[in-house]
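Participant: Each chain, letter by letter, is given below.
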Amino acid sequence: MVANRADVPVHVGMSLGPDRSQAVVVRHRTVLGSVSVPGSDPSELLSGIRPADRAQARSVTIDISRLLLAAVLQASGGLSPVAMIRVRPRAATDLALGRHPAEVIERLVTRRFTIPGGHDLFGRELGPLDRQALQAVCREIERDGTRCIAVVAAGSQAQPRHEREVADRLQAVLPDARISVAYDFGGLGLAPREATVALNSALSDIAEDILDACESAVRRWTPGMPLHVGRGDGGWVTASRMRTLPVLGLGAADALELLGAAALTGVDDCRVLLDRPSGRVVGDVRHLLVAVRPYALHGLGTELVVPTAALTGADGVQNASDPMAWRSGDVPLVEADRDPDELICIGAAVSRPTAWLDEIAFIESTDELEGIRRDAQARATAIVTANGANPGTADIVEMSTVAMPYSPSGTVRVRVRVAGALDIRSRPGS
Amino acid sequence: MSIGYVGSGKSITAADIPALYEGAKFYSPAVGDASKASLVSWLMDLLERNGPVVLVRPDALPPQVHCVSLCVIGSGAALADLPPSGDEFVLAVRELEHVMHRRFGAVYPLAAATISALVPLAAASQLDVPLLDADGMGRTFALIHHTSMSLAGLSPAPLVVRGPTGETVTIEVRASARADTLLRSNVDTLGGWAALASYPCTAGDLRRAALPSTVSRLINVGRLLLEPVGADVLVTRLAAVTGCQRIGRGRIVELEHLSRPSDVTIPAHPSSVVIDEIGGQGRLFRLELRSEIVAVFADGALAAAAPDLVCLVDILRGELATLDSLEPGDVVDVLVMPADAIWYSAEGLAMVGPTSHGIPLDHPRRR
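First to last, the protein sequences are chains W and X.
Heads up, the final residue of the first sequence is numbered 430 in the working numbering, and it's a clean run with no missing numbers.
Heads up, the final residue of the second sequence is numbered 1367 in the working numbering, and it's a clean run with no missing numbers.
For reference, chain W alone in the conformation it holds in the complex (with noise of 0.2 Å):
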């Protein structure tokens, strides 16, 4: 049976850049319109639409990463100020173990403080918090003012009881502080989840202010109009997730535009090339979905774990009739040709809700394991329902184990990556 066009949802992509900002109507990867303006007003860009567009759309997806990129990468940006501390067992003894690797968050990060505690992968405690030390860091924390504050824990990805006990006292001591804990991102390496949480906590204010803009200028474009925002690794959370996790925000715009030119080919499975001013750079998209990994972002100086799209230099890749290019991917090559920032709104547009988990377990048993991967689905599942999904719709779109090189017999990482449907997103007031 063939589908009504009418029935055919349309969906509206938009990127706002400092510069300029950009807004397509897609239906089913179909371009309907596209409206560009100078600045990053969202009122501005929505107004740009054809009422017959506006009448037809189901939901509005905005990327925002541009905006918050350009937040960070300014030294002058308006970033908030943040406070890092880390629960250890022992501070550094050296300067350089003292500090962040990336001049971009040492710029961030105007105190640091470190307080004794923390556990291992597995969760096993390896000191008790010092609370002596975490009421003198309130007291110098209060007394100096400082509002953002990033908290990692030493093993909070498989224990969160320290980070969330320090986190609890100092909203206590601050209730308008805004504070960023690690354990809501996951994954490995005190630098790049020291990297994630500070920038998270940086990035707050600024977020909720284009946030604000974003959902006043979407209640008056359509009243009760779904909004989207962005994520990393193509996908897209609520806006009032986004406002408590922004750093989920950085690097969208990389993924939207290789999710864009693929939504344009037709195909689902292809590498995407795109140009970049230091030189072409090549993606991958499977089912449709961005190919992602951790400490992957380009651009920003220095890692996340958080996902975003995998990119690589394109150097021996000539062009998309390169039959060295077609064996090596195994599957077609894609060259990116439109406007970029189109791209990113058509991508936007055809985006679906995602969620990602990057954990350590222990098992014992092949049992076992089939019971961790399924508790990792089901909370990947719930966690894509947080992030906007309809219930129901989430399948898991990639799942890796894998044994822990060195680490004790057993361990295994465990990775899992779920997306709610694109289409069944409800029309306003329906």
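Keep in mind the hints are simulated off the structure, nothing from the lab.
Heads up, some of the hints might be wrong.
[What the hints assert, rightly or not] Across the chosen pairs, the derived CB separations fall in these ranges: (1) Leu1361/X / Arg169/W: 51 to 61 Å; (2) His298/W / Gly1051/X: 30 to 40 Å; (3) Leu73/W / Ala1060/X: 44 to 54 Å; (4) His298/W / Gly1329/X: 15 to 25 Å; (5) Thr1236/X / Arg169/W: 55 to 65 Å; (6) Ser240/W / Gly1243/X: 48 to 58 Å; (7) Asp144/W / Arg1174/X: 55 to 65 Å; (8) Pro81/W / Ala1060/X: 48 to 58 Å; (9) Ala1060/X / Ser278/W: 41 to 51 Å; (10) Leu1284/X / Val267/W: 19 to 29 Å; (11) Thr1236/X / Ala213/W: 46 to 56 Å; (12) Thr30/W / Leu1361/X: 50 to 60 Å; (13) Arg58/W / Leu1284/X: 40 to 50 Å.
[Unchecked claim] Covered stretches of chain W (in silico footprint by chain X; criterion: 3 or more residues with CB under 8 Å from a CB of chain X, positions within the stretch not fixed): (14) 97–110; (15) 188–194; (16) 291–305.
Beta carbons: idealized from backbone N, C-alpha and C, even for Gly.
Position chain X against the provided structure of chain W, taking the given hints into account.
Facilitator: Positioned in the frame of chain W, the structure of chain X alone reads:
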């Protein structure tokens, strides 16, 4: 950046650290980059502050100079999450000096690969002693008595481990094989990893017992890996410098766990990776893992096995694919490289060959 070969280096500077890191990953492509930023930044800062570290072969030192090996024992993931405070390796050496009533005049890597190739450099800088251009494995093996020093009759003991918790354990043991067993439970309690100072001996001992030039070669290989080239060019260059060969290219289709009987004395449980060859003969590769890739079967026939070094290159990214981040769908090249000749002796194969991993087959290079 130049990719010319630099023979045995005379010193290591801060500028060499990125290449050293990449080369060290090539010789043990098991653990990813979660600790890279912290360690590289720390090492570069140390060498900028303290100046270059002198790199010497054991035969360039007076034979009576006391030397000690250093490595990270335990989980790379644990170290990434709980990086060193900075004094663990120095204090492990100082404690061993205290136990043995002697001063060490040089340090060397127990295994010149992965992060264990980097930490002796940090300690050499902090202690202001030379770093030996030699090690005991030429790659990494899972147990601390799987070394060329053990084959030469040297003992790992007495040994000291110092954990990120600030605690120290000293072990004196007669049988080398017992040392690892005694260490593991302590390492777990110390936070999952620890600084290990072991194999105290003289430069004269190491002239006959250690594998030479295994540190300087890391920088040469690392420079190749830092070049932004496609996977095909990279593999060709690696083959020219290291002697590695590409067995095949394919897509990962399955990751399996507990795929062979497990022996809990060796870290990481047995697991397997199945790769569907793209092009070529359309073979099915089965890779058997145990912290490293210990065997490669091609359509059921043993094509490579430990002590061969087997690594995977991610075709999309043109870089090494580490074993802690493999995913079904990844397209990889399977590369095989011979280890040092000592490991293909009867004693070497008995220690680290396929039978030591429960694969009772003759090694392909010995057929």
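Participant: If a hint holds in the structure, say so; if it does not, say that too.
Facilitator: For each hint, the structure was consulted:
1. Leu1361/X / Arg169/W: 51 to 61 Å: Holds, since Leu1361/X and Arg169/W (Cβ atoms, about 59 Å apart) stay within the stated range.
2. His298/W / Gly1051/X: 30 to 40 Å: holds, 33 Å
3. Leu73/W / Ala1060/X: 44 to 54 Å: Once the Cβ atoms are compared, 48 Å apart, the range 44 to 54 Å for Ala1060/X and Leu73/W holds.
4. His298/W / Gly1329/X: 15 to 25 Å: For Gly1329/X against His298/W, whose Cβ atoms are near 21 Å apart, the range 15 to 25 Å holds.
5. Thr1236/X / Arg169/W: 55 to 65 Å: holds, 58 Å
6. Ser240/W / Gly1243/X: 48 to 58 Å: holds, 57 Å
7. Asp144/W / Arg1174/X: 55 to 65 Å: For Arg1174/X against Asp144/W, whose Cβ atoms are near 58 Å apart, the range 55 to 65 Å holds.
8. Pro81/W / Ala1060/X: 48 to 58 Å: holds, 51 Å
9. Ala1060/X / Ser278/W: 41 to 51 Å: holds, 43 Å
10. Leu1284/X / Val267/W: 19 to 29 Å: holds, 27 Å
11. Thr1236/X / Ala213/W: 46 to 56 Å: At 53 Å between Cβs, range holds.
12. Thr30/W / Leu1361/X: 50 to 60 Å: Holds, at about 58 Å.
13. Arg58/W / Leu1284/X: 40 to 50 Å: Because 45 Å falls inside the window, the suggested range holds.
14. 97–110: Since three or more residues must qualify, the claim that chain X covers the segment 97–110 of chain W holds, with 3 doing so at under 8 Å.
15. 188–194: Three-residue rule met by the segment 188–194 of chain W, so holds; n is 6.
16. 291–305: holds (count 5)
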